[in-house]
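**Q** In case you want the letters, here they are:
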Amino acid sequence: MDLSWMAWTWPTALFFVTIALLIASMGVWEYYSPGGGARYGVLRIETTRGDRLFISLLGSAFIHLAWLGLIGPNLWWALAISFAYALCVFRWV
Amino acid sequence: MEKTWNNKAWFMVLPVLLLVAFSAVIPLMTVVNYSVQDTFGNNQFFWAGTEWYKQILASERFHEALWRNLLFSFIVLAIEIPLGIVIALAMPRKGWTVSLCLVLMALPLLIPWNVVGTIWQVFGRVDIGLLGHTMEALGFDYNYTQDPLDAWITVVLIDVWHWTSLVALLCYAGLVAIPEAYYQAAQIDGASRWAVFRYIQLPKMNRVLLIAVLLRFMDSFMIYTEPFVVTGGGPGNSTTFLSIDLVKMAIGQFDLGPAAAMSIIYFLIILLFSWIFYTVMTNAGQDRK
Numbered sequence: 009m010d011l012s013w014m015a016w017t018w019p020t021a022l023f024f025v026t027i028a029l030l031i032a033s034m035g036v037w038e039y040y041s042p043g044g045g046a047r048y049g050v051l052r053i054e055t056t057r058g059d060r061l062f063i064s065l066l067g068s069a070f071i072h073l074a075w076l077g078l079i080g081p082n083l084w085w086a087l088a089i090s091f092a093y094a095l096c097v098f099r100w101v
Numbered sequence: 025m026e027k028t029w030n031n032k033a034w035f036m037v038l039p040v041l042l043l044v045a046f047s048a049v050i051p052l053m054t055v056v057n058y059s060v061q062d063t064f065g066n067n068q069f070f071w072a073g074t075e076w077y078k079q080i081l082a083s084e085r086f087h088e089a090l091w092r093n094l095l096f097s098f099i100v101l102a103i104e105i106p107l108g109i110v111i112a113l114a115m116p117r118k119g120w121t122v123s124l125c126l127v128l129m130a131l132p133l134l135i136p137w138n139v140v141g142t143i144w145q146v147f148g149r150v151d152i153g154l155l156g157h158t159m160e161a162l163g164f165d166y167n168y169t170q171d172p173l174d175a176w177i178t179v180v181l182i183d184v185w186h187w188t189s190l191v192a193l194l195c196y197a198g199l200v201a202i203p204e205a206y207y208q209a210a211q212i213d214g215a216s217r218w219a220v221f222r223y224i225q226l227p228k229m230n231r232v233l234l235i236a237v238l239l240r241f242m243d244s245f246m247i248y249t250e251p252f253v254v255t256g257g258g259p260g261n262s263t264t265f266l267s268i269d270l271v272k273m274a275i276g277q278f279d280l281g282p283a284a285a286m287s288i289i290y291f292l293i294i295l296l297f298s299w300i301f302y303t304v305m306t307n308a309g310q311d312r313k
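Chains as they are written, first to last, in the numbering used here: chain A, 9 to 101; chain B, 25 to 313.
Keep in mind the hints are simulated off the structure, nothing from the lab. Don't take every hint at face value.
[Said to hold, decoys possible] Computed beta-carbon distance windows for the label pairs:
| hint | chain 1 | residue 1 | chain 2 | residue 2 | range |
| --- | --- | --- | --- | --- | --- |
| 1 | B | Phe221 | A | Cys96 | 36 to 42 Å |
| 2 | A | Thr56 | B | Ala114 | 39 to 45 Å |
| 3 | A | Leu11 | B | Ser123 | 34 to 40 Å |
| 4 | B | Gln170 | A | Ala92 | 51 to 57 Å |
| 5 | A | Val50 | B | Gly260 | 18 to 24 Å |
| 6 | A | Tyr48 | B | Pro172 | 44 to 50 Å |
| 7 | B | Phe301 | A | Trp18 | 33 to 39 Å |
| 8 | A | Cys96 | B | Asn307 | 53 to 59 Å |
| 9 | A | Trp100 | B | Leu162 | 56 to 62 Å |
| 10 | A | Tyr48 | B | Arg222 | 23 to 29 Å |
| 11 | A | Val50 | B | Val49 | 48 to 54 Å |
| 12 | A | Ala28 | B | Gln277 | 32 to 38 Å |
| 13 | A | Trp100 | B | Tyr207 | 39 to 45 Å |
Every residue gets a Cβ at the ideal spot worked out from N, C-alpha and C, and that includes glycine.
Generate coordinates for the entire structure from the input sequences, incorporating the hints supplied.
**A** Below, the structure is given as structure tokens:
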């Protein structure tokens, strides 16, 4: 199957594989601990683990965009901040 | 009793997942791939990294189109949602007029976007259009091709004309689903018309209003055809919304890399707003634990 029209690159492939692995690991987590882990966090809204992953990924995208727009093209710090942000989301949201 | 969790039912959504993968996920992946590369056609790509994102984020043109789009969405939501509720409240609940009303309300929704644009293009013309001619006869210097404010008013009017009935129909569906017992209880308590609306009808319309707000926001934020047909994004760039700008960049200029980066940023903004609306409206009025 010719997928050249999709213009794949290694970094983008790695990005999507990471997202797919994250979603798959959520599935495994759900299998061993069913129910989604619903709770009320600091935002005072009910969130499940899936919601928290979504908030983490969406927030991380904006962290990267903000870093790129305001600071510069070196995104490793943005990635580090995103990890810290995701940990906070999973812990407190 | 302990609740039984059975996740096998999730396999039932596999066909939808496959469909969404082909119609949305794979195209989205392709756009991400394009956004980090440059191409001159013929399937030849060159790595550009985050260059296009940097360019779009710093682009005055993008900022202006984004603010224009946000303002447009805010204006149409501020008009269409209250107007839709008022129309739904005024619509009859029984008799032959119900069908007549429903058909009349559904008519604008059945007209294709480009036809709506063409209708209003003619309607607004000063020489042959009813609206343009009437405005001129009333002494207004109305010309949507020359004046940015007139162009904006026309585009907002088009959207309100085209889509308010969707909000009204959704609200109407929410209203007719309210059991009669609620109204009887309110009558016994001597509730005013406002109290009935505030404490019975509005909370019961919460879900349909969520759908209406989400649909109208996403649709108005992605508006393309009507302003493209009527104003072509002008006069100047006054009605150049994000989608019009995006098409100009991708197809007009064949700048696929920057256009892909802009698409991703555009998509993320829509996703953020939709999530905020969804979260606020699904949690409104719920007891906090």
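**Q** Between Phe301/B and Trp18/A, does the beta-carbon spacing fit 33 to 39 Å?
**A** Check passed, 37 Å falls within 33 to 39 Å.
**Q** Falls inside 23 to 29 Å, the C-beta gap from Tyr48/A to Arg222/B?
**A** 26 Å, holds
**Q** Okay, Thr56/A versus Ala114/B on CB: inside 39 to 45 Å?
**A** 40 Å, holds
**Q** 53 to 59 Å was suggested as the range; check whether the CB atoms of Cys96/A and Asn307/B agree with it.
**A** 20 Å, violated
**Q** Does the Cβ pair Tyr48/A, Pro172/B satisfy 44 to 50 Å?
**A** 47 Å, holds
**Q** For the range 51 to 57 Å, tell me whether the beta carbons of Gln170/B and Ala92/A fit it or not.
**A** 53 Å, holds
**Q** Taking the CB of Leu11/A and the CB of Ser123/B, does the distance hold inside 34 to 40 Å?
**A** 52 Å, violated
**Q** Kindly confirm whether 39 to 45 Å is satisfied by the beta carbon distance between Trp100/A and Tyr207/B.
**A** 43 Å, holds
**Q** That 36 to 42 Å hint for Phe221/B and Cys96/A (C-beta), does it hold up?
**A** 41 Å, holds
**Q** Can you tell me whether the CB distance of Trp100/A to Leu162/B sits inside 56 to 62 Å?
**A** At roughly 59 Å between Cβ atoms, Leu162/B and Trp100/A fall inside 56 to 62 Å, so the hint holds.
**Q** Is the hinted range of 32 to 38 Å satisfied by the C-beta distance from Ala28/A to Gln277/B?
**A** Taking Cβ atoms as reference, Ala28/A and Gln277/B lie about 33 Å apart, which means the hint holds.
**Q** Take a look at whether the Cβ-Cβ distance between Val50/A and Gly260/B falls inside 18 to 24 Å.
**A** With a Cβ separation near 45 Å, Val50/A and Gly260/B fall outside 18 to 24 Å, so the hint is violated.
Violation of the numbered hints given earlier is confined to hints 3, 5, 8, 11; the remaining hints are satisfied by the structure.
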